[in-house]
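What follows is each chain in one-letter form.
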Amino acid sequence: MKVEVRVYPKEGVLDPQGKAIAAALGRLGHRAVQDVRAGKVFFIDVAGADAKAAEADAKRMAEELLANTVIEGYDVRVVS
Amino acid sequence: MKFGIVVFPGSNCDEDCHHVATDLLGCEADYIWHHERDLKGADAVILPGGFAYGDYLRAGALARFSPVMETVAAFAKEGGPVLGICNGFQVLLEAGLLPGAMQINRGLRYVCRDVWMRAENTDTPFTSLYERGEIVKMPVGHMEGNYTASPETLAELERGNRVVFRYCDPQGRVTDEANPNGAVANIAGIRNAEGNVVGLMPHPDRCAEKLLGNDMGLRMFQSVVSALAAK
Chain H
1 MKVEVRVYPK EGVLDPQGKA IAAALGRLGH RAVQDVRAGK VFFIDVAGAD AKAAEADAKR
61 MAEELLANTV IEGYDVRVVS
Chain V
1001 MKFGIVVFPG SNCDEDCHHV ATDLLGCEAD YIWHHERDLK GADAVILPGG FAYGDYLRAG
1061 ALARFSPVME TVAAFAKEGG PVLGICNGFQ VLLEAGLLPG AMQINRGLRY VCRDVWMRAE
1121 NTDTPFTSLY ERGEIVKMPV GHMEGNYTAS PETLAELERG NRVVFRYCDP QGRVTDEANP
1181 NGAVANIAGI RNAEGNVVGL MPHPDRCAEK LLGNDMGLRM FQSVVSALAA K
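Line by line, the protein sequences are chains H and V.
Using my numbering, the first residue of the first sequence is number 1, and each one after it goes up by one.
Using my numbering, the first residue of the second sequence is number 1001, and each one after it goes up by one.
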């Protein structure tokens, strides 16, 4: 099964990368951009056919390693 | 007195620390490869600077799963002195041996220069030979030194006087201009509640002898030697 884990800076946590990207987009003429937050996506292949189990597994992966929950939030989506 | 210096793939200040411990202080020191679980009788452990595991995912994130880190955590729990320098500090944060997390520097660039810090807590095995309020100069070299923590953790650190060093100007004023990376409350280094685990971003190992133009870092190593001798 394919699972996606998105990891991103928590609301309220300073995101210097997102700020720099927002400024660059503004300079390129994308004047409607008000804010950008930059995160990561992990595309994970897991064995088995149980979507619920895969999702629970991916959540544990996020908690244990993929996200630093002091500063990052995450969400998990079973894709197929 | 024996230092144990942990070596991860990508550590690059391990030899600097070894040099300080042996050539400058006349102590014993052993390298401890990240796959080992035995601290080889070390009385104090140093996690040196560098780029453990290439800083993949997040600085320090993968190093924390090294077999050696279980042993280091057990050693710290029993009160053994542990010092994390730069990348070593990042590893201690990811391993949960110190609270908080590192973000990319607010300037989005690698910062490599001397900084000034005020010694805020001299009640640790690594800072006992500094005067409280003393202003010390040390070099930094990092991309992720922008320390942050939840408001509760910060309050706890301040309440417990657990900020060890704070970035300041040469006169000792804690200002935003003197902050090289945007770290909250100008925090350069912290300790755990017990005081035996200390982490800091600046490099005492790179300023431990006059030959390098600055020996203000040497006392961090001397501190732990005298702390252990007093036991």
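Hints in this document: simulated from the structure, not taken from any laboratory.
Ideal placement from N, C-alpha and C gives every residue a C-beta, glycine not left out.
Don't take each hint at face value.
[To be verified] Derived list of chain V stretches under chain H, where covered just means 3 residues or more per stretch with a C-beta under 8 Å from a C-beta of chain H:
no., stretch
1, 1101 to 1113
2, 1187 to 1194
3, 1198 to 1210
[As the list claims (entries may be wrong)] Taking CB as the label site, the calculated pair distances span:
no., chain 1, residue 1, chain 2, residue 2, range
4, H, Lys19, V, Ala1230, 28 to 38 Å
5, V, Asp1023, H, Arg60, 38 to 48 Å
6, H, Leu25, V, Asp1023, 48 to 58 Å
7, H, Leu65, V, Lys1040, 24 to 34 Å
8, H, Gly48, V, Arg1173, 56 to 66 Å
9, V, Ala1074, H, Lys19, 35 to 45 Å
Checked hints:
| no. | hint | verdict |
| --- | --- | --- |
| 1 | 1101 to 1113 | holds (count 7) |
| 2 | 1187 to 1194 | violated (count 0) |
| 3 | 1198 to 1210 | violated (count 0) |
| 4 | H:Lys19 <-> V:Ala1230: 28 to 38 Å | violated (48 Å) |
| 5 | V:Asp1023 <-> H:Arg60: 38 to 48 Å | holds (46 Å) |
| 6 | H:Leu25 <-> V:Asp1023: 48 to 58 Å | holds (52 Å) |
| 7 | H:Leu65 <-> V:Lys1040: 24 to 34 Å | holds (29 Å) |
| 8 | H:Gly48 <-> V:Arg1173: 56 to 66 Å | holds (59 Å) |
| 9 | V:Ala1074 <-> H:Lys19: 35 to 45 Å | holds (40 Å) |
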